[in-house]
Amino acid sequence: MYCPAKARTMKKNRKHRKQRLATSSCFRTKKIKMRVGTHFLLLTAFIHAVSSNKRGKFLLAADMSYLPMLDCYGKCSPFRLEASGPTEDALKILAQSGLNTVRLRLWVNPSAHTPQGWPTDDYSYANLTSVLALARRLKDAHLDLWLDFHYSDGWSDPKQQTKPALWSKLSLSHLQHAVYNHTLSALVALTAQGTPPTIVQVGNEIDNGMLWAESDQQCSDGGALYRPGCTDESKASQGNWPAFASLVSAGVRAVRKATPQAEIMIHTALANEKDIADIVVWYQNLVSAGASDWDMIGLSFYSFFGAGNTSVIPKFSALTTAFHGKRVVFAETAYHYQYGIPKQFPPTPAGQLAYIQTVLMELHALPGGGGVAWWGAEYYNFTSGAGWTGLWDQQAVALPALTLGWQHQHQPQHQHQPQHQHQPQHQHQP
Numbered sequence: 015m016y017c018p019a020k021a022r023t024m025k026k027n028r029k030h031r032k033q034r035l036a037t038s039s040c041f042r043t044k045k046i047k048m049r050v051g052t053h054f055l056l057l058t059a060f061i062h063a064v065s066s067n068k069r070g071k072f073l074l075a076a077d078m079s080y081l082p083m084l085d086c087y088g089k090c091s092p093f094r095l096e097a098s099g100p101t102e103d104a105l106k107i108l109a110q111s112g113l114n115t116v117r118l119r120l121w122v123n124p125s126a127h128t129p130q131g132w133p134t135d136d137y138s139y140a141n142l143t144s145v146l147a148l149a150r151r152l153k154d155a156h157l158d159l160w161l162d163f164h165y166s167d168g169w170s171d172p173k174q175q176t177k178p179a180l181w182s183k184l185s186l187s188h189l190q191h192a193v194y195n196h197t198l199s200a201l202v203a204l205t206a207q208g209t210p211p212t213i214v215q216v217g218n219e220i221d222n223g224m225l226w227a228e229s230d231q232q233c234s235d236g237g238a239l240y241r242p243g244c245t246d247e248s249k250a251s252q253g254n255w256p257a258f259a260s261l262v263s264a265g266v267r268a269v270r271k272a273t274p275q276a277e278i279m280i281h282t283a284l285a286n287e288k289d290i291a292d293i294v295v296w297y298q299n300l301v302s303a304g305a306s307d308w309d310m311i312g313l314s315f316y317s318f319f320g321a322g323n324t325s326v327i328p329k330f331s332a333l334t335t336a337f338h339g340k341r342v343v344f345a346e347t348a349y350h351y352q353y354g355i356p357k358q359f360p361p362t363p364a365g366q367l368a369y370i371q372t373v374l375m376e377l378h379a380l381p382g383g384g385g386v387a388w389w390g391a392e393y394y395n396f397t398s399g400a401g402w403t404g405l406w407d408q409q410a411v412a413l414p415a416l417t418l419g420w421q422h423q424h425q426p427q428h429q430h431q432p433q434h435q436h437q438p439q440h441q442h443q444p
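Using my numbering, read the sequence shown as starting at 15 and increasing by one per residue.
In case anyone wonders, no lab produced these hints; they're calculated from the structure.
DEER-style ranges, computed between Cβ atoms:
#, residue 1, residue 2, range
1, 98, 306, 47 to 55 Å
2, 133, 292, 26 to 34 Å
3, 307, 356, 37 to 45 Å
4, 292, 355, 23 to 31 Å
5, 90, 339, 40 to 48 Å
6, 307, 232, 23 to 31 Å
7, 418, 143, 30 to 38 Å
Computed list of lysine-lysine pairs in DSSO-like fashion (alpha-carbon distance at most 30 Å, straight line):
#, residue 1, residue 2
8, 357, 173
9, 106, 89
10, 153, 106
11, 71, 153
12, 357, 329
Ideal Cβ positions, reconstructed from N, Cα and C, are used throughout, including at glycine.
Make a model of the complete structure from these sequences and hints.
Right, here's the structure in full:
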């Protein structure tokens, strides 16, 4: 909550530290009132078996980034709630089924003709113009926007964090400016049309850093971690951690400036391959290297990629203990409804339903558990891979995991007031 009365009393030449203190005092009464009310809410939460999260609404989300390619940008939806029912907007089906947020990826300058692209060579559905259009549809469906910056022209994940073509030869300092300006411009555009995101993800699965330097550059010309040429990575003061953290911080500063009400997420896929202690160390390194101003720990959690079964979820409390006040969210998860290798649940519609119900139950019980996003929810017509883990079957009919899995999961909306609530200042500088 921005405090205009106090802000007006500040002279423009006061230092940022004094602004922080004044803005913090603006929240003091609000926080005390929330704290008193929480005792009653906790009792209600226990009785109704809902989350005790105090910082913001519990995220019931789906990644629907590819939707425009499947429904002709909203003009030819194939999706149905029931096999005998009419086709409907998939976003409205999500809202009707109890979800409250949609995650959308944003690439920097994606091409409509990407060689060997997946799932199509047309990546333009994730450019800013398309994301703006889809954000307007989210608003019409009463769904919140979770924006996922990839900082690449295509997919970013632990195995690939390629610089956008236009940024490929930039040095670290110029990359910082590029990250800041790209992040700010996108958020200003979304805000201007009345669709500001509530969650902003600075990077996608950045386990090994982001914006990797080109092969003919020094490692320090990008934000790569754990790669040849980047020296000892065991401590935040060594290797390329400071460079990586500076790029994350550039994105964070832009978010705080353009959309101060949004919560910021740092997303990794570490839960698929590391134990909890190693995940804690990774985030501690990021903080120690200078990037500490964020709100949420986002984790990809796929049992078929090594995350284990849902019985490990309580162990993630180590993260909220180590990082007080930061919520843990499963930024990506999914489970097979057909053809998958049986894990904890059978790869059937009933098994998929049991999976999401169990995940939600465990995250509700986790101190600081912040919610979940189902990745590839819209991929209904694929004959392999993501086509077996979506929330609609191959006839585009909603599966039980969608229609039943998210019901009765709504949380008391203890609206989290972000730590930094400055008025937007749309200046393109890091």
